[in-house]
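Chemist: With the hints as constraints, model all of the structure from the sequences given.
Protein chains in written order, with numbering that gives the first Met the number 0: chain A, 0 to 319; chain B, 0 to 736; chain C, 0 to 186.
Do not rely on the hints blindly, as some may be mistaken.
BS3-like cross-link-like pairs, simulated, lysine-lysine; straight-line CA separation at most 30 Å [as the list claims (entries may be wrong)]:
hint, chain 1, residue 1, chain 2, residue 2
1, B, K140, B, K424
2, C, K9, C, K173
3, B, K730, C, K50
4, C, K156, B, K233
5, C, K173, A, K232
6, C, K50, C, K172
To spell it out: a stretch of chain C is covered by chain B in this simulated footprint if at least three of its residues, at any positions, have a beta carbon under 8 Å from a beta carbon of chain B; those stretches are [said to hold, decoys possible]:
hint, stretch
7, 16-26
8, 29-35
9, 51-58
10, 93-100
11, 126-132
12, 135-148
FYI, nobody ran anything at the bench for these hints, they're computed from the structure. These figures come from a predicted structure and were not determined experimentally. In this text, a Cβ means the ideal position worked out from N, Cα and C, and glycines have one as well.
Listed here are the chains, written in short residue letters.
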Amino acid sequence: MEDPRWGILIVFYLFFGGLSAGLFFVSALATYLQENGSPAYPRIAQFGALLAPWPVAIGCVLLVFDLGHWYRFYKLFVTVEWHSPMSIGAWLLAGFSLITLAAFWSWLPQGFVAGLVARLPRRLRFLRVIDQPWRERLRRPLAMTGFPFSVGVGIYTGVLLGAVQARPFWNTNLVAQLFLFSALSTGCAALILILSLRGSGLEVGEAKLLYSVDITIIVLELFIVLPYVIHGKLSPLSVQQALELIMGGPYTFHFWGIFFILGLLLPLCLELWEMRPVLLNRSAPHPTRALASVSAILVILGGFVLRYVFVYAGQMSSFE
Amino acid sequence: MTRAGSHPGVSRRGFLQGAAIATAAGALVPSLGCARFLRRGNQAKAPARVVPTACEVCPNKCAVLAVTEGGRIRKLDPNPASPKSRGMLCARGNAAVKSVYDPDRVKQPLIRAGARGEGKWRTASWDEALDFTAERLQAIKDAHGPEAVVFSSTEGFQEEFFRNFGLAFGSPNLLRHPTLCLASVNLAYAMTFGTVPSFDLLNTDYVIMSGANRFESIITPDTMDLVEATMNRKAKLVYLDPRFTVTASKADEWYPIRPGTDFAFILALLHVIVGEERYDREFVTTRCLGFDELRAHLEPYTPEWAQGETEIPAADIARIARELADAAPRAAYYAGRRSSWYVNDFQMRRAQAILNAVIGSWDREGGIVPDSKIALGELLFMPWDDPVAPRVDEIDTLFPLAAQGDGIFLQARENVLAGTPYPVKGWMVYKQDPMNSLPDRGRTQQMLEQLDFVGVIDTQLSDTAWFADVVLPESTYLERLDPLHSLPGIWPVVVMRQQVVPPIHDTRPNLEIMQGLASRFGLSDYFDFTIEQWVEAQAEDLPVENPVEHLRQHGVFAAPGAPFYGSTRKPEHRFFTRTGKIELYSQRLADAGHDPLPVYTPPAQPPPGSFRMVLGRKATHTHAATTNNEWLAELTPGNDLWLNPQPALKLGIASGDLVEVSSRVGTVRLPARVTEEIRPDCVFMLHGFGKLSRALHRATGGASDADVLTTAMDRVSGNAAFHETFVTVKKVGVDRA
Amino acid sequence: MRERLGIRAKRYALAIDTRRCIDCQACVVACKAENDVPPGRFRNRVKAETKGEFPYLSASFEPEQCHHCASPSCVRVCPTGASYQRTDGLVLVDGDDCIGCGYCIIACPYDARFFNEQTRIVDKCTMCAHRVDAGRPPACVETCPTRVRTFGDLEAKDGELHVLLATRRSQFKKHESGNGPQIYYLL
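Modeler: Okay, here's the thing in structure tokens:
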């Protein structure tokens, strides 16, 4: 292709989509894990749910304005083209948005809602309906329903790329997995970041959960990236040439320097360091604000650069 | 009234509203679906209005069907009715639409408002511009006589009116473009056969071409026929060129011949064919004159000798000669078109013509065939007196054999600059850009600057127009009705060019411009007709009912019974030469002080460290005329200097680097293109770029070959010799891409 | 059923004889004119390559455009169904339904599609469907001075294209794409 059709707006969208998916997944996980009939990690659950709808909403707005005719975006929702990952993705996003918005509503603190309703002007009085006492009871069902949608949103961005046989840089099964795990990881990291910076920082239980999830996911990502490269080197020439873009080509530093080292290895080390009491003596971790936030920021940065590399390098690769 | 927030069920009103919406949606969705189904079905679109006409972007005059929509020309399609253009239309022909709607076109008459070449113009009405032109011309005529105005033009259907005006004005100095192009080849063939023949490439078995880059430089019927011949008939193509052109890539054999030595190659072919008795004995003895002299003359021109000159192996030369002779009469040495190469070009083409004669392919299928032509009627109008003064280019004394009607362009320029044999003070130009077509642009500019008056008739503000005092905009060919044109050839046709859209700007066809000028000189009687009347008179005798109507409908009248072979092979036929025979030996040449048989002279060599500049054309541009066309400029926005990697390495030049090319008359800068496709001793730049006119906003790329080319002429025909220029090349910048 | 009724589906395809191609660009300009292709964009191109070292050189010229594949990936990935294939094989873009997301541009192994900045939708060679449906050849086919292109219906057994492809060997570009391209490059 002469010039890449998908640019930085798409990179942002993919990143925000993954971030939202990850946020909701972790929030749903935190909701699911109960202790004495209530969520074991209420702050994770709540922050995750409150934040989840918004990154992807921004991403969708960016996406809509990247279209040729932005107002035609509705055409995505008058049909289901089963063979098109983008069509499936659009519907998944629709479902995801509805669920996460409902979850957002369900997790709003009662005091906040009451205060909001009290200050409503006359014309908007009908909005009082948002103050329903049974909001809280939706939390768990929404989390359960939302799991598959968040996995769907997290993975479909990878399928979007992976299904394109014309782009050897993308055309592998591993891309979907890579994007999913990266999404979950950025979601985790975002929550680590926010909770470490709030008040007294991460609680021990929260740290254990979030770090464990993130460490697992990062290790899984390593087990995708390395086979991706090794397998690619053993593939037909076009794939080998595509890989050159990150093995000596223009995106080498972005991929290995920023995404792999700064975005995967370094956070892994930092998080393992934070978790070393758990790993070594089975005692409680003491999360430090500094290390937690640095590690989280690196993960988020890495997630962004991963998508940046894939979007641009992918469009440069072709079968010759 | 129900309160908001406590609907137990749906109200009747709500139900009706809902039902209405559902029905509307129910009707809308299938109708959208129907619309979509219809939209995606048969998508045929018939062209709104089709007008047959003839193209003018190059001299081929291919038949075109112009499609218009809503008063705008939408597309130009090929017209399959013309056997001459064989149902095709090249890139240039297709692109002509953009020239009509070019925003840089001259939209109304312009009169110079600043210094010459400064680019300051003021718009004027036609009356004002014509008055201005007439006044200035009259002033020159009064002071220096009508011969002090030169009228130069390039071929076109309305050129005749321009020249007639020049003659009526009283000037002998009518110049045309052949001595910048094909005067040498035309004269050579005319001196040999009495006429310039066409080549029946469609039916050939063997063709040798020197440099005539038929697959790249211009797309003509010969291009199409050669493809059919080489692909279908398996005809063999041998091609000589210092460059690996598109034709070289398609040829069966390509020789990167040492430039300027094709002459030696041809003489060696003759030596073998004559020496080994492979010529057409019967034809030579009955129809040709001077064979014995020729045989003796060819003695020293052996293939071994030619190898030394051309760098083509002697064994190959001998073999090619035998193959050519064996393939005859379906064989030819292609004459070429632009023959403005070397100062001995005429003699080289003479050798060619002689070769074609002795192999006996004259007027035979697959050989070289004299043109047939459909006769057109004439509108009779007042004849004028012959001009009194002699021509300023001294053609009678310097080039007595050359075509008087065309003149010797470069000699004219040099004489005007020198003020000999008499002063010339004015120059009227029609459909021509001497600033770019002549070598040594500096001198052309100098000439224009020293004139009292320069008037240009053109569709765009060319470089020549840029230095004019008045620009009279002609309507483009798609906006006017032109005289009919009878295209000579093996498949002769008459083509009509008719108006497709009325002029979109305040422009006029040349006839009207000439009529406007003529009226101001009291010469109206010479132009007392309309173009319609002219066309009627031309078409009168065509063997078809309602000829004008026929032409308007079909665009073309093709001669029934074509192709025509053999009419000159009848024993009683007298060739249009002095002796009535094909003159291998030309007494006329001897009488004029030239070699009666072609004597080889080697080309001048570039001094050490310099290169010979060779020129050429490309399918996407017509000389310097189309570089502002949006679609053509997109494909070929500029030129670069072709340089072989060996000398490039020595000079430290890489592709894309900016280089300075200098000859003894000028210097230009352009990017280098280091390529294997050219000999190490040559450089090449495509003609037509490096415009001075700032009114041509798209034509800003590249450099002009005219700035560096030195002035040289063929000795017999006066044709410009463009390949005698030597240049040095120096790197001045690095490619930043 | 269609066969019994005598309705034969067409299958349009294009044969290109690159030996004849001289890179004159007539097809490119004709397409531009016929289809209002915006400046800087091309629905078709000629790929020119020269190789070798002086004086042993060769050149090839290969026209390229949408291959109207039998199994087009561009149609598969389109989320609105705007990219569609007719029963006669032509792959087209419905100008009303295209949202300009560009997925099909990226999915095409032949880089045949582009974003048209003027119409703001995806654009590509339509094989001049508006001409073909009226019984005329595509503009590029009609204009070619050296008769490089043969367009026709593969199903028409006595048609020029069918006979040509039956009697000459041909190959496809990027056969491994699996799309089943329908431009036959004659060998």
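Chemist: Taking the earlier hints as the rules, which of them does this structure contradict?
Modeler: none
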